[in-house]
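Visitor: Each chain is listed here by its residues.
Number of protein chains: 2
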Amino acid sequence: MGKDIKILVIGGSACGPKTAARARRRTPDAKITILEQGQYVSIATCGMPYYISGVIESEKSLIIKRPDYFKDVMDIDVLLGMRVLSINRKAHNVQALNIKTNEQQDFEYDKLVIATGGSPKIPPFPGKELKNILTLSKFEDAVALRNAVTSGKLKHAVIIGAGLIGMEMAEAFTRSGLETTVVESLNWPLPTLFDKDIGLHLAKYLREKGVKLLFGERVTGFEGDNEGNIKRVLMQNNSIDADIVLMAIGTTPNVKLAKDAGLAIGALGGITVNQYLETSDPDIYAGGDCVENTNLVTGNKMLAPMGSTANKHGRVIGTNLAGGRDTFPGVMGTSVVKIFDYNVGRTGLNEAQYTTGFAPVTAFIPVADRANYFPGSKEILVKVIADRTTGRLLGGQIIGEGEVAKRIDVLVTAITLGATVDTLANLDLAYAPPYNGAMDPLHNAANVIRNKMSGLAQTVTTEKVKNMIDSGEEFILLDVRNPDEFEKARIECNQSVLIPLPDLRQNLEKLPKEARIVVLCRSSIRAFQALCTLRGAGYRNVAFMEGSILGWPYEVCTMPVEKK
Amino acid sequence: MGKDIKILVIGGSACGPKTAARARRRTPDAKITILEQGQYVSIATCGMPYYISGVIESEKSLIIKRPDYFKDVMDIDVLLGMRVLSINRKAHNVQALNIKTNEQQDFEYDKLVIATGGSPKIPPFPGKELKNILTLSKFEDAVALRNAVTSGKLKHAVIIGAGLIGMEMAEAFTRSGLETTVVESLNWPLPTLFDKDIGLHLAKYLREKGVKLLFGERVTGFEGDNEGNIKRVLMQNNSIDADIVLMAIGTTPNVKLAKDAGLAIGALGGITVNQYLETSDPDIYAGGDCVENTNLVTGNKMLAPMGSTANKHGRVIGTNLAGGRDTFPGVMGTSVVKIFDYNVGRTGLNEAQYTTGFAPVTAFIPVADRANYFPGSKEILVKVIADRTTGRLLGGQIIGEGEVAKRIDVLVTAITLGATVDTLANLDLAYAPPYNGAMDPLHNAANVIRNKMSGLAQTVTTEKVKNMIDSGEEFILLDVRNPDEFEKARIECNQSVLIPLPDLRQNLEKLPKEARIVVLCRSSIRAFQALCTLRGAGYRNVAFMEGSILGWPYEVCTMPVEKK
Numbered sequence: 000m001g002k003d004i005k006i007l008v009i010g011g012s013a014c015g016p017k018t019a020a021r022a023r024r025r026t027p028d029a030k031i032t033i034l035e036q037g038q039y040v041s042i043a044t045c046g047m048p049y050y051i052s053g054v055i056e057s058e059k060s061l062i063i064k065r066p067d068y069f070k071d072v073m074d075i076d077v078l079l080g081m082r083v084l085s086i087n088r089k090a091h092n093v094q095a096l097n098i099k100t101n102e103q104q105d106f107e108y109d110k111l112v113i114a115t116g117g118s119p120k121i122p123p124f125p126g127k128e129l130k131n132i133l134t135l136s137k138f139e140d141a142v143a144l145r146n147a148v149t150s151g152k153l154k155h156a157v158i159i160g161a162g163l164i165g166m167e168m169a170e171a172f173t174r175s176g177l178e179t180t181v182v183e184s185l186n187w188p189l190p191t192l193f194d195k196d197i198g199l200h201l202a203k204y205l206r207e208k209g210v211k212l213l214f215g216e217r218v219t220g221f222e223g224d225n226e227g228n229i230k231r232v233l234m235q236n237n238s239i240d241a242d243i244v245l246m247a248i249g250t251t252p253n254v255k256l257a258k259d260a261g262l263a264i265g266a267l268g269g270i271t272v273n274q275y276l277e278t279s280d281p282d283i284y285a286g287g288d289c290v291e292n293t294n295l296v297t298g299n300k301m302l303a304p305m306g307s308t309a310n311k312h313g314r315v316i317g318t319n320l321a322g323g324r325d326t327f328p329g330v331m332g333t334s335v336v337k338i339f340d341y342n343v344g345r346t347g348l349n350e351a352q353y354t355t356g357f358a359p360v361t362a363f364i365p366v367a368d369r370a371n372y373f374p375g376s377k378e379i380l381v382k383v384i385a386d387r388t389t390g391r392l393l394g395g396q397i398i399g400e401g402e403v404a405k406r407i408d409v410l411v412t413a414i415t416l417g418a419t420v421d422t423l424a425n426l427d428l429a430y431a432p433p434y435n436g437a438m439d440p441l442h443n444a445a446n447v448i449r450n451k452m453s454g455l456a457q458t459v460t461t462e463k464v465k466n467m468i469d470s471g472e473e474f475i476l477l478d479v480r481n482p483d484e485f486e487k488a489r490i491e492c493n494q495s496v497l498i499p500l501p502d503l504r505q506n507l508e509k510l511p512k513e514a515r516i517v518v519l520c521r522s523s524i525r526a527f528q529a530l531c532t533l534r535g536a537g538y539r540n541v542a543f544m545e546g547s548i549l550g551w552p553y554e555v556c557t558m559p560v561e562k563k
Numbered sequence: 000m001g002k003d004i005k006i007l008v009i010g011g012s013a014c015g016p017k018t019a020a021r022a023r024r025r026t027p028d029a030k031i032t033i034l035e036q037g038q039y040v041s042i043a044t045c046g047m048p049y050y051i052s053g054v055i056e057s058e059k060s061l062i063i064k065r066p067d068y069f070k071d072v073m074d075i076d077v078l079l080g081m082r083v084l085s086i087n088r089k090a091h092n093v094q095a096l097n098i099k100t101n102e103q104q105d106f107e108y109d110k111l112v113i114a115t116g117g118s119p120k121i122p123p124f125p126g127k128e129l130k131n132i133l134t135l136s137k138f139e140d141a142v143a144l145r146n147a148v149t150s151g152k153l154k155h156a157v158i159i160g161a162g163l164i165g166m167e168m169a170e171a172f173t174r175s176g177l178e179t180t181v182v183e184s185l186n187w188p189l190p191t192l193f194d195k196d197i198g199l200h201l202a203k204y205l206r207e208k209g210v211k212l213l214f215g216e217r218v219t220g221f222e223g224d225n226e227g228n229i230k231r232v233l234m235q236n237n238s239i240d241a242d243i244v245l246m247a248i249g250t251t252p253n254v255k256l257a258k259d260a261g262l263a264i265g266a267l268g269g270i271t272v273n274q275y276l277e278t279s280d281p282d283i284y285a286g287g288d289c290v291e292n293t294n295l296v297t298g299n300k301m302l303a304p305m306g307s308t309a310n311k312h313g314r315v316i317g318t319n320l321a322g323g324r325d326t327f328p329g330v331m332g333t334s335v336v337k338i339f340d341y342n343v344g345r346t347g348l349n350e351a352q353y354t355t356g357f358a359p360v361t362a363f364i365p366v367a368d369r370a371n372y373f374p375g376s377k378e379i380l381v382k383v384i385a386d387r388t389t390g391r392l393l394g395g396q397i398i399g400e401g402e403v404a405k406r407i408d409v410l411v412t413a414i415t416l417g418a419t420v421d422t423l424a425n426l427d428l429a430y431a432p433p434y435n436g437a438m439d440p441l442h443n444a445a446n447v448i449r450n451k452m453s454g455l456a457q458t459v460t461t462e463k464v465k466n467m468i469d470s471g472e473e474f475i476l477l478d479v480r481n482p483d484e485f486e487k488a489r490i491e492c493n494q495s496v497l498i499p500l501p502d503l504r505q506n507l508e509k510l511p512k513e514a515r516i517v518v519l520c521r522s523s524i525r526a527f528q529a530l531c532t533l534r535g536a537g538y539r540n541v542a543f544m545e546g547s548i549l550g551w552p553y554e555v556c557t558m559p560v561e562k563k
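Line order of the protein sequences matches chains A and B. Residue numbers for the first sequence follow numbering that gives the first Met the number 0, so the first one is 0 and each next one is one higher. Residue numbers for the second sequence follow numbering that gives the first Met the number 0, so the first one is 0 and each next one is one higher.
For the record, the hints were derived by calculation from the structure and aren't laboratory data. Just so it is clear, the structure is predicted and the values come from calculations on it, not from any experiment. Where hints are given, some of them may not hold.
Just some of the chain B residues that point at chain A, by a computed CB distance under 8 Å [unchecked claim]:
#, residue
1, 74
2, 78
3, 307
4, 418
Glycine included, every Cβ here is placed at the ideal spot set by N, Cα and C.
Looking at chain A on its own, in the form it has when it is part of the complex:
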């Protein structure tokens, strides 16, 4: 193939433009064309929720590059409003419709790139055509949503789906003064990304911020007024007012073109690509939200519709279009999202959902994000998951007002490279009081897992303790905090006993040797110490509640302790 090959790219969002720019840098003489059906190219899609909320003031901030720039700087033709109708692999051309002129046009290619992205799922609910039932996917969607929320006419916003977009938009709507309700068929926010123990804390936080949450509710349809405006969202057991509805139950890869052209489609509905991001036709590459990725922990395929992944794909494809042989290894299922002042991040496998083939062991610790004596130190809740047999790290989930993204990225790196908890525990992470304690939260989490693996730490989960209390089980819930801490917030139950840690050694006679004892404190540091003390003194049926009071997502009692 000559130097002046024809490269044709379908899709002008993230992967497409990145592909074209990368290819240009390596092939000065190729003819490169991007066909985009919308009116914009190279849009910062991930910034749209912040534009809707007004955090980003101008929509111009979201337009990264204009077609002129591609032409002038890189000699890349960007054709907007050009909807591709079909791919003729034999003839090596595509048929496209110019939306403005309604004329059809053919485009030849030597190499074709499919970067058609994904589309929001819209189930066939009755009433789904009512006005102000919107999705957020394209630039035009963002403008429509911003116009709606700034109109001053709306009061009730309903978000269907508590995924990443749903969460970002819950903040955006709330900040815009709308009463916001999230309806989710599963039982906590970001239910596919986070385990219940973390998810319940996120739910608590969202409620504190004024977001209403309806879990375990399935939408059945919509009711409108005489003018065709949405008025109510109907559910199986409920219905609520709505002046605007955002459908945010996920996206589907746009694979129709690829499928019609006979390219291989995977079981998850994305285009099948190999490590070079070639489709089943070696002259056609695909990348971005429309393809399936390899999960680097399990080796299984997964969908990973992320702007970061799309950009990486684009670079790999651009290199390979120009005769290179670059590879994209896969993804880790990482995500991070800011929800009000919470940083919410995860990577790898969940404990509950994805650890088939592994025997998971976890750490669940509330911990200060920097030295706890340093002003501005904030709590985070860290969950790390490893394989009990090998100690291999499998995943992590972290939320809170403190620094989260850093720890997620360290876990991403460690898991990608096959590290164990032993390696994590001794990583020479950067330390100074404005950034962490002398032991970073990740060191602490790794050591909790090591203590559990070696049998030194016995733990029970907050959920298990809640069930033990609710079912009236016979045990001692030993709180080893100071009386003033206990007074302020405690788990009120018949099983509760307060013995501050410094008094414990002198008060062992209060605790029967054969009793089932669950210890807790504020964060579990003292509880672990108490556990060691009790086991040293011969108690055998003792464990501490992981996460203690800070990790307890249920009600606590904040009334003064009754004097007896």
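Fit chain B to the supplied structure of chain A, relying on the hints for placement.
Guide: This is chain B only, laid out in the frame that chain A set:
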């Protein structure tokens, strides 16, 4: 050895208490004693500069645990004011002096732990005994420094040594209203931790913050007044006023006890330990600032006096004292420090100093720490170093007001696990606009190195360009920014030519094909694009200046461009 073994720990700062606490959790019956010569145990030494500056208000915040706590909670005896004089390995005991009573006392041990830390270096300068010539190592030093700076009587502070303590204290003194000068015999701040290209930027920033810097200056002595107060610091070619002097030229491991006892001492002056942190006597462990560590990149020994390392040592020793066999693999030479609003971090090898045995290839990029359209986005300067032959990551240096510690920690993890730039480039790092761009700065840095390794990117350093300009070399310094950017700040020289990137393809006739061309822009993104365009058009003698204007540590011209 029985369950009730005697464990004796010398030193009560970081490693000692951590060792004792860990040992107790695993050996309920051991008799554990800590001997500390000072009046405090378990002090947050790393927080002291912030206490001196008033960022941390109360000295109580620095006292992590009191002796009572060790006794009541962990049944550990902490004896303060107890200076160990010698170790009798044959008799398995140590001889100590009770500083208050001046009585000597022997302490038996089955297992001994040496955690004696380090001491500030104080060269034999004439006048070093003058009042207000201080060091910062112990809690009492911090109290003395705080009392001095809050006395209102001091005006001129001089810090000798631009290392980590020197930098933290430069901020602390300046914040306290003192005119602060740092004297350093080498040529930029943190000279052993950072290369010159980063170091010059840090120097510029410190000067902007009002800190005076005297580089290449060696102190020769001190002059005082009649009352014995420090008044002037004398140097080879200079002398300056001083009301208070902080000596911060590093620390020496405290190894006298170990050496006198015949334990092996390494070439760098620290106690020699194996991976179990055993000294040359299997009944004696050592950890913290007094031992030598293994550098995980080079395999060579290094000193790593860090609170984080000391704590990790403590956990390993505590485990092994209790019959375990835990190992400490080594360190990466990581450090991070907050200097005013700059975050300043590094890990692994420097380009200039430590890469013997490697052919280093580097990336040097100014980059926004989050999506550049996201409010609050801040610049950081990222340097990543890899081995040109293998692509293996070797080190990183990052400074700026944006997020730094996260990227350093990812590099620490990647380097520890032997990752290459290819792996770094495709890590599934957490992405959302409040945290980074779709390509994280580390992805960009990895890709710059890959572009250099593959021959796609030719670069020259800012220092080289500065020399080319100063020596009047014949070349074109092609600035491809917009005219308004050029107007605001530019490198003024005869070689400078402005052709904005969008106009470049149309103006190639202005650039002779055989000319030596160095391209620059704001951050180097457009310069790299221009390089590709020029090479595509047949230019062969072209490179871009890495870092461009944001990476240029020398003077820029901000005067209006003269109309010709």
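Visitor: Would you mind marking each hint as holding or not holding in the structure?
Guide: Consistency of the hints with the structure:
Below 8 Å, beta-carbon pairs count as interface contacts, and residue 74 of chain B has one with chain A at about 7 Å; its hint therefore holds. Because the closest C-beta pair between residue 78 of chain B and chain A is about 19 Å apart, greater than 8 Å, the hint is violated. For residue 307 of chain B, the interface hint holds, the least distance from its beta-carbon to any beta-carbon of chain A being 4 Å, beneath 8 Å. Annotation: residue 418 of chain B was flagged as interfacial toward chain A, and the flag holds, the nearest CB pair being 6 Å apart, inside 8 Å.
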